[in-house]
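Engineer: Take each chain as given, in its own frame, and dock them per the hints.
In the order they appear, the protein sequences are chains A and B. Just so you know, we're using my numbering here: the first sequence kicks off at 1 and counts up by one. Just so you know, we're using my numbering here: the second sequence kicks off at 1 and counts up by one.
No lab work stands behind these hints: they were computed from the structure. Keep in mind that a hint or two might mislead.
[What the hints assert, rightly or not] Computed Cβ-Cβ distance ranges for the label pairs, DEER-style:
(1) B:363 - A:362: 34 to 40 angstroms
(2) B:363 - A:397: 26 to 32 angstroms
(3) A:104 - B:328: 16 to 22 angstroms
(4) B:140 - A:362: 49 to 55 angstroms
(5) A:176 - B:363: 17 to 23 angstroms
(6) B:536 - A:176: 27 to 33 angstroms
(7) B:140 - A:156: 57 to 63 angstroms
(8) A:312 - B:474: 28 to 34 angstroms
(9) A:230 - B:140: 36 to 42 angstroms
(10) A:230 - B:550: 44 to 50 angstroms
(11) A:139 - B:97: 39 to 45 angstroms
[As the list claims (entries may be wrong)] Not close to chain A: a few residues of chain B, all C-beta gaps over 12 angstroms, as computed:
(12) 288
(13) 290
(14) 366
(15) 469
Owing to the predicted nature of the structure, the values given are computational and were not obtained by experimental measurement. Here a beta-carbon is modelled for each residue, glycine too, at the ideal position from N, C-alpha and C.
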Amino acid sequence: MAISRRVFVRAGGLALFSLGLDPLFLARAAYASFRRSVVPSDPPILVCLFQRGAVDGLNMIVPHGDPSYYSERPRIAVPASDVVDLDGHFGLHPRLAALKPLWDAKSLAIVHAIGSPNSTRSHFDAQDYMESGTPGVKATPDGWLNRYCQHDREHQDTPFRAVAFGPQLPRILAGSAPALAIDDLQAFGLRAPQPAARDRLTRAFEELYAGSATGLLSSSSQEAFEAVQTLRRVDPTQYQPTDGADYPRGKLGKALLEIAQLIKADVGIRVAFADITGWDTHVNQGAGEGQLAARLAELGQALAAFTRDLGERMRDVVVLTMSEFGRTIRENGNSGTDHGHATAMLVLGGPVRGGRILGRWPGLDPADRFEGRDLAVTTDFRDLFAELLARHMGASTGALDAIFPGFTSDPTRFPGAISG
Amino acid sequence: MKYRILGWLLLLAIGSPLMTAWRVVGAQHAAPLGMTETSLRDTSSPSVLSPRDSALHALNRLAYGPRPGEVDGVAAEGVMHWIDRQLTPRKIDDGALARRERDFRILDYDRGDLAGMYAEVQRERRERKLAANGAADTTITPRDQTARRLAGQFQELAVVRAALSERQLYEVMVDFWTNHFNVYFGKGADRFLTPDYIERTIRPNAMGHFEDLLIATAESPAMLFYLDNWESVAPGSVPPAAIRVRARPLFGRRPNLFSFPPRDPAEQDSMRQRAIQRAPQGINENYARELLELHTVGVDGGYTQQDVIAVARILTGWSIKRPQQGGDFEFHDWAHDAGAKQVLGVRFPEGHGRDEGLRLLKMLASLPATMHHVSWKLCQRFVNDDPPDGCVDDAVAAWKRSNGDIREVLRAIVSGPDFWAPRNIRAKVKTPLEFVVSAVRAVAADPDTTPRLAQVVARLGEPLFQHVAPDGYPEMEAAWVNSGALLDRMNAAVALAAGKLPGVTVIADSGLGAAASPDKIVAVVDREILNGTMSENTKRVITRQLADITNPEQARVLAIGLALGGPEFQRQ
Chain A
1 MAISRRVFVR AGGLALFSLG LDPLFLARAA YASFRRSVVP SDPPILVCLF
51 QRGAVDGLNM IVPHGDPSYY SERPRIAVPA SDVVDLDGHF GLHPRLAALK
101 PLWDAKSLAI VHAIGSPNST RSHFDAQDYM ESGTPGVKAT PDGWLNRYCQ
151 HDREHQDTPF RAVAFGPQLP RILAGSAPAL AIDDLQAFGL RAPQPAARDR
201 LTRAFEELYA GSATGLLSSS SQEAFEAVQT LRRVDPTQYQ PTDGADYPRG
251 KLGKALLEIA QLIKADVGIR VAFADITGWD THVNQGAGEG QLAARLAELG
301 QALAAFTRDL GERMRDVVVL TMSEFGRTIR ENGNSGTDHG HATAMLVLGG
351 PVRGGRILGR WPGLDPADRF EGRDLAVTTD FRDLFAELLA RHMGASTGAL
401 DAIFPGFTSD PTRFPGAISG
Chain B
1 MKYRILGWLL LLAIGSPLMT AWRVVGAQHA APLGMTETSL RDTSSPSVLS
51 PRDSALHALN RLAYGPRPGE VDGVAAEGVM HWIDRQLTPR KIDDGALARR
101 ERDFRILDYD RGDLAGMYAE VQRERRERKL AANGAADTTI TPRDQTARRL
151 AGQFQELAVV RAALSERQLY EVMVDFWTNH FNVYFGKGAD RFLTPDYIER
201 TIRPNAMGHF EDLLIATAES PAMLFYLDNW ESVAPGSVPP AAIRVRARPL
251 FGRRPNLFSF PPRDPAEQDS MRQRAIQRAP QGINENYARE LLELHTVGVD
301 GGYTQQDVIA VARILTGWSI KRPQQGGDFE FHDWAHDAGA KQVLGVRFPE
351 GHGRDEGLRL LKMLASLPAT MHHVSWKLCQ RFVNDDPPDG CVDDAVAAWK
401 RSNGDIREVL RAIVSGPDFW APRNIRAKVK TPLEFVVSAV RAVAADPDTT
451 PRLAQVVARL GEPLFQHVAP DGYPEMEAAW VNSGALLDRM NAAVALAAGK
501 LPGVTVIADS GLGAAASPDK IVAVVDREIL NGTMSENTKR VITRQLADIT
551 NPEQARVLAI GLALGGPEFQ RQ
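Just chain B, with the same shape it has in the complex (with noise of 0.2 angstroms):
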């Protein structure tokens, strides 16, 4: 267990170094804010809330949540101003985070040495079940050991970068994305296919344009290997004979037919016969349904069965090279169906191959009720969980105006009437991610690589790129808030308030005397962690349960522990 507590709270940070730099940056940018002509309409929004009031409803939707101090930073820079740099994330430092992701060894890692490491381990298993004549073997070699601390080290990254990160509202956004275009990590080949598609097709594409992101998503190995389309192939077609003898890689716990060609022929012949008759032989529907239903139109878009066969078969072809290798996105002419189809009322002529799939995610792309289904989800994890209209149909305005810029379209939201509607104020309930990496900046805590803090976020129910179906961790509070979950965020609050978490470095520096009195510890923790929210009954439940404290480092941790864990810090 490394952890250390240096003290306490960061205070006010006033004369720290870090809000210096900000307060330098909002003064070159005193007067106009730098928004456009979208968001000038409704700059008197925020006004209705006190500027510390907009700057913590700003940090805890568009950031994941405030870390000490932080608040009144915003509120000095003005909110719109900060709000508008987090739209440019490029344009913020973040060298802090680049420091940290060193640690990270899975990023120097790429897809194709993921691949071979995972070929390795899944032969050294077979080997040592061969050897132990099929009983179970349980050993963790150092392959596997390292292939299994690089697994925790990408779930922890999101986390990490979540907390640490300066580009707030963009870490926000890959968490979107990362749903909306679910992959589950424990299928196949996407153990070693999800850290490339999280780095190079979600995060670059994070705050461009949707249509871009949607092609990538199409044409990246993950999604491809994921929702089956690599493997969907127009009825009667014929590999070259080349990829036919590796027609159907093999994963998990199927054995691998091509690392251990038996001797006896006859057995290799019915080998060959088994791997031509898993050979695809026909369309998967399973990729163009979650394409129009949960990508793009969504499920009341008005297609039909027939559109989604059609979708399907305008798809074969979009593959990939190798997947056992991690190979890349490959278009397979053989596997295409060249016939003509439509889609959506939409005509798509024989003998377009590939293009066709582009001519047909740019369509996806522009359709209104993609707009509409997409700016729908973004208002409901921004505003409401029941989206306010008002909302939905400005963003769908902004997405109309720029091409799907996501970045206007965010703008449209936060520049909104309903996105600093009072009713709107707290009105959410944390995910598990932003109640756990929300504590973690509370407190201030320095994560490093052990996957303690992804292991908490998937104890509450929520175990990142774990999702097994394809619609991704839901934003509505009901899907979070029950019982047996309610017990763990306590005790998690409780563990990390103690230090408990290994690879959590609580920094904080009271300023406190050991003789604090209750009544200050628990106004200090009201300023610092809840940002001035705790209810009477909070500070007077809390006050008592530290009278008979006399360790003021207990009556500390049990004050924190009790303010993370309680009503108020549940909701942002």
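Bound conformation, chain A alone (with noise of 0.2 angstroms):
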């Protein structure tokens, strides 16, 4: 797969350049990419990371001025003095240090205790209720961010509005509105040894869909198709990332890079999503250092270097780290934990009040705690989850009430991630 895969990019690549040596092409090409910069203000964009497996909330983001959390976790508490200190009782988990400028600089919040009314401890419906913004209610058809597209009115419909990096559509963009699935930008398309076969394949296919398709065929080979023409006037093999951005190697790293080489194309992406796996710490998870720490670390370096390569136009993103739930207050028979309740989000970037801890934090005495063992939600996930619809991307009230069914948003409630 690798080799060939590489022989279809550089076939892919070169393709592209031939085409590109049309001067009109040139020109435009280097008009986008200095163009957006003179305008004002550009259109918000959310990015969307979902830690699948439950993170650990507490070892991500320390409570290390709570005595409970050492003496629950005799060997895989993170030690006070490792911890990343950000107000005196809570801190990062040492692999993050690479966010505390961020958090210095005023543009990285963090939301404790959060997490979801209902009470499963199952990864699948906790996920899928996160998804879909209706917790406790698995008929619901479609997910919160694709609710949010539909009745975004305001922003342009472009076939990059929102796009999922990965080989499947999450459900949180399942639904009506269009939503990419994409998994290699740099492969995204037909391919073929020369352009005019490429672009007859492109051809043939597309009208054979655009007859004969019916249902999510049809709707999803009409998204692919229109993505495919967009990207045409963008090389995604040729994309660097600015100020020596040093993305990890991986998925995250390489999705996030994608991510800022679309928005920074301006193909109108508003809406990104990309998976994080590996967080399902049920043995061995370690403290400063193991297992836990190694994806936190990729995390970290992650986000870094995606706010370094964007640069100013952080100034209208905002990024947003969920997971279905927390874990076990108290570490299990294994030095790991097992599936808990409440956990932290993180929320990043130019409109974000950062430099703070928001939420009620519960604390851990036993009484304080969720079913006595887990720590409580005090923030319902959705509150987070509207206020930056609202706030950041615009959503009005009426909207909010579509985009969450069953459920009044009430901007008091609001953690206060986004100025207000």
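Structural biologist: Following this line, the structure appears as structure tokens:
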């Protein structure tokens, strides 16, 4: 696979290059790369990262001021001396140190003890609820990010308005609004050794699907061909991150690099989504070092590279991390943690009122715990999601009601992540 | 690149030795279908469809799609008779696949061999790293290469079996159970335990009784490792000294404490401390929860957090003997929680050791919630993404009657009206595995051991044995149909048609003259590959595409590529 992928990519690159010999195309491309910086305000962009498997919020954002944290986790607590202190009570896991400058610049806020009003400890149900935006209701057909796109009348509808990076379109973007799934931006499209052959194949398949496909096959193929059309003016193989931004190897780094690339290419991206796996740390999760630390290091480096790469453009971008639930306060029998309840989410970007831990901290005392064992949820995740959509993405109150059915959004309950 | 194009499609199999054999078998059982009473009720159902349409539907759902001529073969045999034979896979000769399997060296290795090889590869890597003073060393040693080749063969073997086996329904069920009882090849010891899991746990039980399959998975080292139960111990339990020393076999990036004992006694001591610290000290809920949620009663099966904990306590001590050496199931009495427990209202009195676990698994296997949950999933696989209630009810009834005989449950599903209902015909989109395998079968390709097809399946979003979460790959169309995946399917179709997939020999013999007209080519592609399902639009588009192509080989390749990548072929 790897070998032929490279061949395909090179072939694709050459094909695009030969197209690009068109002087008008070159001129347009050059213009496109500078145009935006002179425009005062670009449309807002929301990037959502889903930590699938339930991240241990207590080791990610460590309540090092709470003695129970240490007594409950003799083998996996992050020593206070290693924690990157934020406010005297909470601190970043040491492998998230790359995010400290963002905190200091007030671009990073943390919502702790956030989660679902539903008590399930099933990964799949909890992810489903977090993506549908309707905890406890399984029948919701679409995801809340898709519903946002359905109700977003302000921004231009482009093939790239909503993009998920990965081989599958996630539940959160499922629904009637168009959304792309891109596993590899460089290889997106029909592949053929010559541009003419590629164009011919593209046209032929486009006609086949336009005329005979039904249902999801029809809408997805239409979105695909529109996106292919747009990508012809952006050469994904030629991208160089700016300002020495160093994305970590791996899927997350690649996804964030491609998101940055699409943002800078001005193809109209408004909502981007990527998955990060590897958080289900039942065994040997480690403390300052180890399994969880390695995942956090990748997350921290990727986010730091992303913000550096986007530079000024971060002014319109908010990145949100989310995870289906947190993990047990007490470590389990295998130096790991089992499925718990509340966790922590990161919100970072230009519009963020950062440098603050948001939400009410319920404490770790047994009496304050959910079902006597887990960190209690004091912020409904919908309060944060609704705030981001309202204050950053411009969703109206009416739209919020439709985006989160059965939930009345109330600005007084917003955690305060975005300048209101 | 090893591929040869012998020509074009195998034409209608009238006269081919394979088809002759089918007709003979069909003739021997001409009249009664040999079905049990469950099926007789609805033998009329397929009659809504023509014999060819029923044959195509059965081949799409109960097999990985038809090979050239196969629809006519099954129609001639009688679709219910063909299904009946598929339900007794042992009696179907599978010599051709057996011969191909001999090329797969992976089948010569048991999990002990693989564990040994894996340990050696790890050791070599560490030594190279030490020698390079910690610098990254990307050298690939011969042993490394062998290990990679075997891993590739393991994945490819699943595709090859699905493509070549005559026991098609059996292979479909192997895939179903592989996902229902998912393990992740990439997690530590599962790298060498998973092949054995497929060969000795899933495959022998795929068409047997659910209870046996459930117990086999519960006792399999691959599952015990994947969902951490092997380390779940009663709080306060103390392993015998000998076990304590190898308390934590180490995998992956962690250094192996036991192959390089440090010279410095102080360091040695601290390592021993760390090993003891890492020793299991209590229960781990991971397997217990997924056993209830995914394997048996389902997430709505009415269990509570207390039930999860009780199940975990019952299964304490279910462990693996020397996992780092690919060892077998072992019950550790010292790690077992001897107290009384209660699961879903049923009491498990204290002091029954391993038998408690067996009793629990048998109980779970026979609960109505389990029957319903698993039957629902089977109906989803075979009938509709949104399974009709009647189908699930029939399956549950057959389950009760037969004490969970999977064959009887399947028989009930395929004998019910829902399976044959027009609204369920071509109502499902193929998964990536189904798409690739059905394409391979449609062009009568003959894949070898190179992992190319498995890589294509992975590229389309379904890397085999590499689903990290325990729920297995989804069955719903929404999970597989999206913009990027569709473009990838088109690319894969064109590559396969052009013979560009190494290891895949496209055997084809068109009988079409070099001067075949576009109309004629399209007609043959419709008949042989799409079995008459090609839409007027597709015919028009392909015909137009062929109009200016003078090279007949190019024309055929393009027509096949467009047909395989087009919308009709995505459905089953």
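Engineer: None of the hints should be skipped; say for each whether it holds.
Structural biologist: Hint by hint, here is what the structure shows:
no.	hint	verdict
1	B:363 - A:362: 34 to 40 angstroms	holds, 38 angstroms
2	B:363 - A:397: 26 to 32 angstroms	violated, 51 angstroms
3	A:104 - B:328: 16 to 22 angstroms	violated, 55 angstroms
4	B:140 - A:362: 49 to 55 angstroms	holds, 52 angstroms
5	A:176 - B:363: 17 to 23 angstroms	violated, 44 angstroms
6	B:536 - A:176: 27 to 33 angstroms	holds, 28 angstroms
7	B:140 - A:156: 57 to 63 angstroms	violated, 49 angstroms
8	A:312 - B:474: 28 to 34 angstroms	violated, 40 angstroms
9	A:230 - B:140: 36 to 42 angstroms	holds, 40 angstroms
10	A:230 - B:550: 44 to 50 angstroms	violated, 34 angstroms
11	A:139 - B:97: 39 to 45 angstroms	holds, 43 angstroms
12	288	violated, 10 angstroms
13	290	violated, 9 angstroms
14	366	holds, 23 angstroms
15	469	violated, 6 angstroms
The structure does not agree with the numbered hints 2, 3, 5, 7, 8, 10, 12, 13 and 15 stated previously, though it agrees with the rest.
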